[in-house]
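Trainee: Single-letter residue listing:
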Amino acid sequence: MSKKVNIIVTQPPYGKEEVFGAIPLAATQAAADNEASITFVSGAVHAVVTGQQTGYGDVARWGKNIPPLENEIKNNLELYDFYVLEQDLTKRGIKDSEIIEGIKKTNISELTDRILESEVTLVL
Amino acid sequence: MSKKVNIIVTQPPYGKEEVFGAIPLAATQAAADNEASITFVSGAVHAVVTGQQTGYGDVARWGKNIPPLENEIKNNLELYDFYVLEQDLTKRGIKDSEIIEGIKKTNISELTDRILESEVTLVL
Amino acid sequence: MTNLLLVLTKDPFTTETPELVIDVANEAKNKGADVSLYLIEDGVTAAREHEFGQRIATLQQKGVRVFADDKSVLSRGIYDKLIDGVEIKEIETLLDFIVDDYDRTAWF
Amino acid sequence: MTNLLLVLTKDPFTTETPELVIDVANEAKNKGADVSLYLIEDGVTAAREHEFGQRIATLQQKGVRVFADDKSVLSRGIYDKLIDGVEIKEIETLLDFIVDDYDRTAWF
Amino acid sequence: MTEGKQLTIISIRGPYGDEAPFTLLRLAHAAREKGITVNFFNYLDSTVIGNKDQVPKEYPSVEQLFADVLKKGLKKPKTDAIACIKCTDSRGVTKTQTEGVVIGGLYDLAEWIAESDKTILLG
Amino acid sequence: MTEGKQLTIISIRGPYGDEAPFTLLRLAHAAREKGITVNFFNYLDSTVIGNKDQVPKEYPSVEQLFADVLKKGLKKPKTDAIACIKCTDSRGVTKTQTEGVVIGGLYDLAEWIAESDKTILLG
Numbered sequence: 001m002s003k004k005v006n007i008i009v010t011q012p013p014y015g016k017e018e019v020f021g022a023i024p025l026a027a028t029q030a031a032a033d034n035e036a037s038i039t040f041v042s043g044a045v046h047a048v049v050t051g052q053q054t055g056y057g058d059v060a061r062w063g064k065n066i067p068p069l070e071n072e073i074k075n076n077l078e079l080y081d082f083y084v085l086e087q088d089l090t091k092r093g094i095k096d097s098e099i100i101e102g103i104k105k106t107n108i109s110e111l112t113d114r115i116l117e118s119e120v121t122l123v124l
Numbered sequence: 001m002s003k004k005v006n007i008i009v010t011q012p013p014y015g016k017e018e019v020f021g022a023i024p025l026a027a028t029q030a031a032a033d034n035e036a037s038i039t040f041v042s043g044a045v046h047a048v049v050t051g052q053q054t055g056y057g058d059v060a061r062w063g064k065n066i067p068p069l070e071n072e073i074k075n076n077l078e079l080y081d082f083y084v085l086e087q088d089l090t091k092r093g094i095k096d097s098e099i100i101e102g103i104k105k106t107n108i109s110e111l112t113d114r115i116l117e118s119e120v121t122l123v124l
Numbered sequence: 001m002t003n004l005l006l007v008l009t010k011d012p013f014t015t016e017t018p019e020l021v022i023d024v025a026n027e028a029k030n031k032g033a034d035v036s037l038y039l040i041e042d043g044v045t046a047a048r049e050h051e052f053g054q055r056i057a058t059l060q061q062k063g064v065r066v067f068a069d070d071k072s073v074l075s076r077g078i079y080d081k082l083i084d085g086v087e088i089k090e091i092e093t094l095l096d097f098i099v100d101d102y103d104r105t106a107w108f
Numbered sequence: 001m002t003n004l005l006l007v008l009t010k011d012p013f014t015t016e017t018p019e020l021v022i023d024v025a026n027e028a029k030n031k032g033a034d035v036s037l038y039l040i041e042d043g044v045t046a047a048r049e050h051e052f053g054q055r056i057a058t059l060q061q062k063g064v065r066v067f068a069d070d071k072s073v074l075s076r077g078i079y080d081k082l083i084d085g086v087e088i089k090e091i092e093t094l095l096d097f098i099v100d101d102y103d104r105t106a107w108f
Numbered sequence: 001m002t003e004g005k006q007l008t009i010i011s012i013r014g015p016y017g018d019e020a021p022f023t024l025l026r027l028a029h030a031a032r033e034k035g036i037t038v039n040f041f042n043y044l045d046s047t048v049i050g051n052k053d054q055v056p057k058e059y060p061s062v063e064q065l066f067a068d069v070l071k072k073g074l075k076k077p078k079t080d081a082i083a084c085i086k087c088t089d090s091r092g093v094t095k096t097q098t099e100g101v102v103i104g105g106l107y108d109l110a111e112w113i114a115e116s117d118k119t120i121l122l123g
Numbered sequence: 001m002t003e004g005k006q007l008t009i010i011s012i013r014g015p016y017g018d019e020a021p022f023t024l025l026r027l028a029h030a031a032r033e034k035g036i037t038v039n040f041f042n043y044l045d046s047t048v049i050g051n052k053d054q055v056p057k058e059y060p061s062v063e064q065l066f067a068d069v070l071k072k073g074l075k076k077p078k079t080d081a082i083a084c085i086k087c088t089d090s091r092g093v094t095k096t097q098t099e100g101v102v103i104g105g106l107y108d109l110a111e112w113i114a115e116s117d118k119t120i121l122l123g
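Chains as they are written, first to last, in my numbering: chain A, 1 to 124; chain B, 1 to 124; chain C, 1 to 108; chain D, 1 to 108; chain E, 1 to 123; chain F, 1 to 123.
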C-alpha cells in the first residue's frame, strides 16, 4: 500500500550526515508508490542556502569532493516537496533571498498537518 | 612533562557515550603524572544524580548490564576532581540533595579558570 | 480523530528538538488530535520537575497523556522525580502503542 | 597574560554548546586573558548576522578576535554573510594558532 | 491483536556511542513475544550495528544480540535485516556483517515502508 | 617556528556521519607541510576512521586519506596513530585497522599528552 512519507531533518548540513541521508531516502519512495516530502528544521535549515561550494583541498589528493547538498536538493526538487521551517530560518538570520528556489517555507501548523496526514514520519 | 588535563563533558549519560568515555580518560592521566579533572556541563549534568540502576532486561539474554555511571564516578572520586556546572543543574531542576557526594558544584568563572590554567582542555 | 504518539528521546536544552516536540504536541492538540507523549532514552529527563517539566505539565492539562520508559528512568535515577501524572511503562507498551493503538507515531 | 583560543564547531541553537563558549569567552576576557574565537565546521553559522552573531559582535567589541574557516564557510554558502570583522582563514592558520601562537586551545 | 502485524524499524545511530541500538534490541525482543514481524533497515552509522566480532568489555554485545534476534526470526514471526550498501561500503563493513544481515538499498526500504503496518526511525 | 613541535589529536567521531574526521585530515596535511609531529588517538566512534576497505561512493575515502597520512609519516615529521583497544573491540574493528594504526590504550594517550606541546580533541 502506498504511503505518505514525511521526512523531518534536524541536523546541520556538512557537520552531520542526516541531510545527505534524507535526500535519497525521500527520492526512492516513489519506486514503491510512496509519496515523500522533506522538511528542514532546527540546524538543518542551513541546508537551504544557495551558493554552497564544497571541497577540503586539492582533488588530486582528496580523490573527490564532498557532494554539494545544494545540487542534491536541486536534482530532487521536481520529484518531491522540500519545506523549511520559517521560525528556524528567522532564528538563524537566513533571509528569503538566500533560499534555493523551489523550497517552500512552512510553519508548525503545516508541519503538524503533515505529521497527522502522513502514514509515516521519519525524523533524522 | 606532566600536565593539567581539564575534561569537559557536554552530552547526556546513557543516551550518549561521552560520560562513559571521559571517566577512564581522566583516570589514566595519573600514570603519566598528568593531573585530571572532569566537569559536567549541559546534558552531562544528569550524570551526577544518585540512584542510577541500569539494565535493559534479563541478564541471561543480555550477557551483561550497561555499567552504572554512578559507580564509575564513585570509583574515581578519590583519584581526581569531579565538577558539575551549577547553572546547568538549575536549568534542569537537579537538586543539591540528588548529587553524588563528593562531586563539587562549579560556575563559569571557575571553569574558565581551569581552562586558562590547564595545559590541556578536552571537550567531549 | 487522529491518534498521534510523539516519542521523545532527547534531553531538553542540550538540543533544540524537545522544543519542537512541545510545539507539535500543542498544535496537534489544537487541531483536535488525540495526542500522547512517550519519553524514552534521554527524553525522560524532560519530565523532571523543572522549567521544561512545567511545559509538559501544561500539555497534560490540555489532555495530552505522558508516558516514560521504565529502563530509561531507572538508569538516570529519576524514578520518583517526575512531574505528577507521568505513567511509567515497559517497552511492550510502547510497541503496542506504535503497532496498534496509535494511527501515527513520530519518533524524535 | 594567557592567550586563549576557543574553537567552536557547533551550530547555535541546535545544541547548547555555543552558548557555553560565549560565556567562557566573556569570562576569560573579564579575567584579563587575550581571547580569540575560531569558527569551523557548523560553528561558522554562529557568525551570521542574526541574534547569535550579535553576541559574537559584542565579544569583538570587548577585544575578542573572531576567525572563520574558509572551507566551512564556502560549503555553507555564507562567505559574504558574516558579521563585520570576522577574518576568514585557512586550516594552516588554525594549526599555527594551536601549536604556536596560543597558550591554550579549547575545542568545542 | 498486534500478532501478525508488520513493523519496519529504520536506524541511523551506531552501537555504543548512542543508546538507540539498545532500544532497537528491546523493541525486537518485545516484538518477538508479541508475534510481530519486524524489518530492520540499518542506515548511515547504524550499519555498524551488524559488524562482526564485537566483543565489548563492559557493554552487552549489540552484534550478538542482533544476530540472535535475526536467527530466531527465521521462524514465525519473521525478523529480517537489511544494511544499506552505500553506507556499509563507506564504512568498510559490507563484507563483515553478522549472519542474517542482507546488503541492500533504499529501494528495499521503500517497499518495506509500503507493505508494513507501521514504520519508525530511531533517531 | 612550529617545525619540530609535537601535537596530539584525539578524535571521538566516526567517518561520514560527522565532519570531524575530515577536519582531522585537513589538520594532518597542514601539519606535514609545517613539519609538525602528530599523534592521532582514535577513541570511541572514531576508531572506525581506520577501518579497512572503505569505498564511499560520493565522499572522499577517510581510510585511504588517513592511511596515506600515516605512510608519509614514517619519515620526518613523524605521524603515528593509536586506536583505543576497548573501543575497537566493542565495534569489531580491532583486526581490520588500516596499515599504520597501532592498537593501544588510554595509558598511551596519557603519555602522548605529557610529551606533546599541545593536545586537542575534535568533538
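Careful, some of the hints might be misleading.
If you want the ones that stay clear, here's a sample from chain C, every Cβ over 10 Å from chain E, calculated [as the list claims (entries may be wrong)]:
#1 Thr9
#2 Lys31
#3 Asp42
#4 Lys71
#5 Gly85
#6 Asp96
Below, computed lysine to aspartate or glutamate pairings styled on DMTMM-like, alpha-carbon distance capped at 20 Å [what the hints assert, rightly or not]:
#7 B:Lys3 / D:Glu49
#8 D:Lys29 / B:Glu117
#9 F:Lys78 / D:Asp100
#10 A:Lys91 / D:Asp96
#11 F:Lys72 / D:Glu92
#12 E:Lys52 / E:Glu33
#13 A:Lys95 / D:Asp96
#14 F:Lys5 / D:Glu51
#15 E:Lys5 / C:Asp96
#16 E:Lys78 / C:Asp96
#17 B:Lys4 / F:Glu111
#18 C:Lys29 / A:Glu119
#19 A:Lys64 / E:Asp89
#20 F:Lys72 / A:Asp113
#21 E:Lys34 / C:Glu27
#22 B:Lys3 / F:Asp108
#23 A:Lys64 / F:Glu58
#24 C:Lys89 / B:Asp58
#25 C:Lys62 / A:Asp113
#26 F:Lys34 / D:Asp100
#27 C:Lys29 / A:Glu110
#28 A:Lys105 / C:Glu27
#29 E:Lys5 / C:Asp100
#30 F:Lys5 / D:Asp96
#31 E:Lys34 / C:Asp101
#32 A:Lys91 / D:Glu51
#33 E:Lys34 / C:Glu92
Some, not all, of what chain D presents toward chain C, calculated at C-beta under 7 Å [to be verified]:
#34 Thr14
#35 Thr15
#36 Glu16
#37 Phe97
These are computed hints drawn from the structure, not numbers from a lab.
Owing to the predicted nature of the structure, the values given are computational and were not obtained by experimental measurement.
Glycine included, every Cβ here is placed at the ideal spot set by N, Cα and C.
Trainee: What's the verdict on C:Lys29 and A:Glu110, does the C-alpha distance respect the 20 Å limit or exceed it?
Mentor: Given pair C:Lys29, A:Glu110 holds - Cα atoms ~14 Å apart, limit 20 Å.
Trainee: Please check whether the beta-carbon of C:Lys31 is more than 10 Å away from every beta-carbon in chain E.
Mentor: Per Cβ check, C:Lys31 is outside 10 Å of chain E; nearest 21 Å; holds.
Trainee: Is the Cα-Cα distance between A:Lys95 and D:Asp96 20 Å or less?
Mentor: Judged against 20 Å, a Cα distance of about 35 Å means the pair is violated.
Trainee: Grab the minimum C-beta distance from D:Glu16 to chain C and call the hint holds if it beats 7 Å, violated otherwise.
Mentor: holds (5 Å)
Trainee: Please work out if A:Lys91 and D:Asp96 have their alpha carbons no farther apart than 20 Å.
Mentor: Status violated; Cα separation ~34 Å.
Trainee: Given the hinted pair B:Lys3 and F:Asp108, is their alpha-carbon gap at most 20 Å?
Mentor: holds (15 Å)
Trainee: Assess, step by step, whether the Cα of E:Lys34 is no farther than 20 Å from the Cα of C:Glu92, and give holds or violated.
Mentor: holds (8 Å)
Trainee: Is it true that the CA of A:Lys105 sits at most 20 Å from the CA of C:Glu27?
Mentor: holds (18 Å)
Trainee: Going straight from one Cα to the other, do F:Lys5 and D:Glu51 come out at no more than 20 Å?
Mentor: The given pair, whose Cα atoms are some 40 Å apart, is violated under the 20 Å limit.
Trainee: E:Lys34 and C:Asp101: Cα distance at most 20 Å?
Mentor: holds (14 Å)
Trainee: Hey, A:Lys91 versus D:Glu51, does the alpha-carbon distance stay inside 20 Å?
Mentor: holds (7 Å)
Trainee: Taking the closest pair, is the beta carbon of C:Asp42 still more than 10 Å from chain E?
Mentor: C:Asp42 is in fact no farther than 10 Å from some Cβ atom of chain E, at 8 Å.
Checked against the numbered hints given earlier, this structure breaks hints 1, 3, 4, 6, 7, 10, 12, 13, 14, 20, 21, 37; the rest are met.
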